[in-house]
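*Asks:* Chain order of the listed sequences is W and C. Using the numbering used here, the first residue of the first sequence is number -12, and each one after it goes up by one. Using the numbering used here, the first residue of the second sequence is number 2, and each one after it goes up by one.
It should be emphasised that the hints constitute simulated quantities derived from the structure, not laboratory data. Bear in mind that the values here come from a model prediction, so they are computed numbers and not experimental data. Ideal Cβ placement from N, Cα and C applies to all residues, glycine included. One should not assume that every hint holds.
What the hints assert, rightly or not - Derived CB-CB ranges, DEER-like:
(1) W:365 / C:236: 55 to 63 Å
(2) C:35 / W:109: 51 to 59 Å
(3) C:62 / W:223: 51 to 59 Å
(4) W:464 / C:174: 23 to 31 Å
(5) W:256 / C:62: 28 to 36 Å
(6) W:464 / C:149: 33 to 41 Å
(7) W:84 / C:283: 52 to 60 Å
(8) W:196 / C:373: 55 to 63 Å
(9) C:333 / W:275: 14 to 22 Å
(10) W:156 / C:174: 32 to 40 Å
Claimed, not checked - Mimicking SDA-like on lysine to any residue, the simulated pairs with C-alpha atoms at most 20 Å apart in a straight line are:
(11) W:463 / C:354
(12) W:463 / C:128
(13) W:471 / C:354
(14) W:421 / C:356
(15) W:471 / C:356
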Amino acid sequence: MHTQVLIIGAGVTGLGLARDLALRGISCIVVEQGDVNSGASGRNHGLLHSGSRYVSSDTEVAAECLEEADLLKKLAPQCVEETGGLFVAVEGDDESFIADFPHLCEKARIPAEALDIDDAREMEPCLSDRIIAAYAAPDATVDPFKLALQNFHQAHQNGTKLLRHHKVVGFKQSKGRLKSAHLVNTETGGAVFVEADQFVSAAGAWCGEIARMAGADMDMVYSKGSLAVTHSRLSERVINRLRKPADGDILVPGGTVSIFGTTSLRMDVPSDVRPTVREVDYLVSEGAAMIPEMETVRYIRAYAGIRPLIKSGDDGGDRSVSRGFILVDHADDGLDNFLTISGGKLTTYRLMAERTADRVCERLGVCRPCRTREEPLPTDPAWEWTEPGLAPREWIKHPDHEDPLLCECEMIPASVFDSVIGSIRAQGGTPNLKAVGLRTRMGKGACQGSFCGARVTGHLCDRGDLNSRDAQTELKRFLQERWKGERPILWGGQLIQSELKEAIYCGLLGLET
Amino acid sequence: MPDAPEPITSDLVIVGAGIAGLSAALFAAERGIDATLVGETGEILFASGLMDLLAVHPLEDGRTWEDPWAAIDALRRDIPAHPYARVETADIRAAFDALLGFLADQGLPYRRRTDRNVDVLTTMGGVKRTYCVPETAWGGVRAMEEKASCLLVDFDQLRGFSARQIASALEPRWPGIRTARIPFPGSTRGQYAEQLALALEAPGNREALAADVRACLGTARSVGLPAVLGLYRTEMISRDLRDRIGVPLFEIPILPPSVAGLRLRDAFHRGLTEKGIRLFPHHRVAAVRYEQTDKFVLDIAAPDGEHRLHGSALMLASGRFLGGGLRADRNGIRETLLDLRVHHPGERADWHRQDFLDPRGHPVNAAGLEIDDRFRPLNDGGEPAHERLFAAGSILAHQNWIRSKCGVGLAVASAWGAVKAYGPPTEGYASLSFEKYIDKN
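Modelling step: build the complete structure from the supplied sequences, incorporating the hints.
*Replies:* Structure, rendered in structure tokens:
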């Protein structure tokens, strides 16, 4: 296989880059060891930062966030919910930080409006009566899956290929250049070699490992962040704790749920990250200071991601490592055609892609300008089903009782699964259970796969997309993936749910034997 | 608050409308005990209809047993605190005899091999080892043993049941298995098993179904269908379809919520009412307290108003988390009605294993009430919490019914044990009513 640019990593940065390059007429292959958004792109808050959070620590990042968030609101409104945001402080929070906040925002040109406490509590009745300061800021939310899938959709229409479940295991080099990447298909074990003119690593937490394979050096810090998802939506707006960025600071609405996070724990390796009971307990008690209800609400899952941070000289803890992005030109390591793009925020993914694409074009001698700054992200209906509430809205508009709801929590009928399966095939992919789950809301509701897991597996078998043996393996994997997120929040209502789930999958179906 | 309602007084109040509570009510009735049953009908609706006794022990080795009684002997040796260790084998046998006899009388016959477990097909195309099987599913046990030519039928729209999925898993070992998808007869369209089962109560729909099945029967010597063959007259409907199709047919248990639980609930409610048990199903117990030293007082909340029950003895068959007998918060596990002492595995971080399907099961599933040999929950001092307070079913500690495959067995055996511990039969009862249930298989 040959391509102009090989992009490693199908997170939002890699796919944003693929779209940017495709729009400049450059052919790309994206290689991904898992599936779209398997890393941090799919394991974050879904917060479109106004920049306010970083006014005290990093004014450059704050300004980037402000500008990029505005662009996304304009160019990709289908992925954004303009919720607005609040910054609130509670009794005992640092008074001088509170006092400085409006000035810092002003300096960064971020419109932060001081609110009367009572008004703030009227806007968001979930807020504690121990709030001592409140500001409104233009935070918003973004669906990272929809964003990534729609970016790739346009790239694919312009000829970009995605190799899912392919892991880079090495490179061939000659004369200070990378010649080809050696890939292994993680499902079949088969080897693939891709030759390219330029190589870009957008591998997130795996950037260090990829760089090492190429003989370059990247000193990464792995910082685990865990988040907890509530059963219902607690607030209309994003609610930030008005203090120096710390753990358990931000509540973000995500359609029908709310997501609270995060933690920050140093990890040795970026793989197999799981949220823990201890982290969730910490989040619940921190969150309850702002939103007392967080102590009593039902949680449906937790999840954890790895922030790929680039190590800087002084070590002031992971919270002080810059959230700015970094574009590393490995010419310094003696490699003329290898770039790494890392760090950054979901909010600034487009800018990261643009800067990287500019450099790639320069290398290729292509002088076409970036189009993603002006051109809207096209909406393709095939890749909209990750949006919470979309399937129920459609179902209520056109109920079809001959079209059974395979997932009841999120009201997804068989026809939606059929259309997603068709779209995956159209992109050259294999529609297994995990791929279908990632592109819909399946398994994301209160039942966490108790019913939809078996039903969708049956549906895939029925269509001939899966054979029985693979079906069993995939269902087990799917259940284990859900379990990682459920385990730390199993008390109250969700423990009841998990007992039922175990009764079905172990008691009746005997999947454990 | 309206005036307190006139209390209903009984000798024994049973809390819980699952298999344990319903069986306890049956055994109480058989012994002439004046009993009232109250509880929400929730958990039973998830029943598969199969009755497990014991199939896997020890969990660590994943050993499955053909002889459930030998398995129980081994389990008693290894886990002396298991509820099975507090009931004699003869009592468990008698309990099953009584239960199956009762259900047969109510038109819901079961079949078993008295001393052997049997294997039943699952919707995943695997097998589940169990003890008693509804008569309407027995043909599946036989068909799988004989691996004779067989047709699996499924319907458009019935979720979670794909004949193709089942057959493709079995084909390598069972070459004579074929599938057919047919539209469900009549105007019934829908994804709910209950709707389909109700539709098959109508003879016209059965003839239409039989005609469609006959058309694709080929050489098949039996026909497997999802378990939707009627709701109230399953046995008759299954026989009628067999006559119309010309070969035996069998039901394959489907994913919950299925109709198996509805059939059981219906049979129990009808039969227990005939036997003079006062039933308050769909009722939630709002509060329980002791009054003086000899009376339990229960306040019952229901859509039709409030009730008050008095009982000189109380039996908790209120289930675990799903049934509502236990409740967990972030820091611990409580028994919900009397705040009885709950045995549990310590901190929440230790409740569950890292892998959902870890064959050893999750430690939290062994949490529950510890009891003495008379099925009385123990207090902190290791003494019975109350002289006349009993517990039965999945709320009991030191068992893992899901993984051991002993759910119904545990419910029935402990219900028997607890009713027996309550006291001797009223004169003129026991021996008389059990005789007809002696198993003749």
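*Asks:* None of the hints should be skipped; say for each whether it holds.
*Replies:* Hints, verified against the model:
1. Roughly 60 Å separates the CB atoms of residue 365 of chain W and residue 236 of chain C, a value that falls within the hinted 55 to 63 Å.
2. Under the hint 51 to 59 Å, the C-beta atoms of residue 35 of chain C and residue 109 of chain W, about 58 Å apart, fit the expected range.
3. Checked against the given bound of 51 to 59 Å, the beta carbons of residue 62 of chain C and residue 223 of chain W, roughly 54 Å apart, stay inside it.
4. Separated by about 25 Å at the C-beta atoms, residue 464 of chain W and residue 174 of chain C satisfy the suggested range of 23 to 31 Å.
5. Between residue 256 of chain W and residue 62 of chain C the C-beta distance comes to about 33 Å, which sits within the given range of 28 to 36 Å.
6. A hinted range of 33 to 41 Å for the beta carbons of residue 464 of chain W and residue 149 of chain C is consistent with their spacing of about 35 Å.
7. The supplied range of 52 to 60 Å is met by residue 84 of chain W and residue 283 of chain C, whose beta-carbon atoms lie about 55 Å from each other.
8. In this structure the supplied range 55 to 63 Å holds for residue 196 of chain W paired with residue 373 of chain C, their Cβ-Cβ distance being about 59 Å.
9. Distance hint check for residue 333 of chain C and residue 275 of chain W: the Cβ-Cβ separation is about 18 Å, which falls inside the suggested range of 14 to 22 Å.
10. Our hint of 32 to 40 Å for residue 156 of chain W and residue 174 of chain C holds, since their Cβ atoms are close to 38 Å apart.
11. A distance of roughly 15 Å separates the Cα atoms of residue 463 of chain W and residue 354 of chain C; the hinted pair therefore holds under the 20 Å criterion.
12. Distance check on the hinted pair: residue 463 of chain W and residue 128 of chain C sit about 16 Å apart at the alpha-carbon level, within 20 Å; holds.
13. At most 20 Å may separate the alpha-carbon atoms for a hinted pair to count; residue 471 of chain W and residue 354 of chain C meet this at roughly 10 Å.
14. Distance hint between residue 421 of chain W and residue 356 of chain C is fulfilled; the C-alpha atoms sit about 18 Å from each other, no more than 20 Å.
15. With a C-alpha separation of about 8 Å, the suggested pair residue 471 of chain W and residue 356 of chain C falls inside the 20 Å cut-off, and the hint holds.
Of the hints listed earlier, there is not a single one the structure fails to meet.
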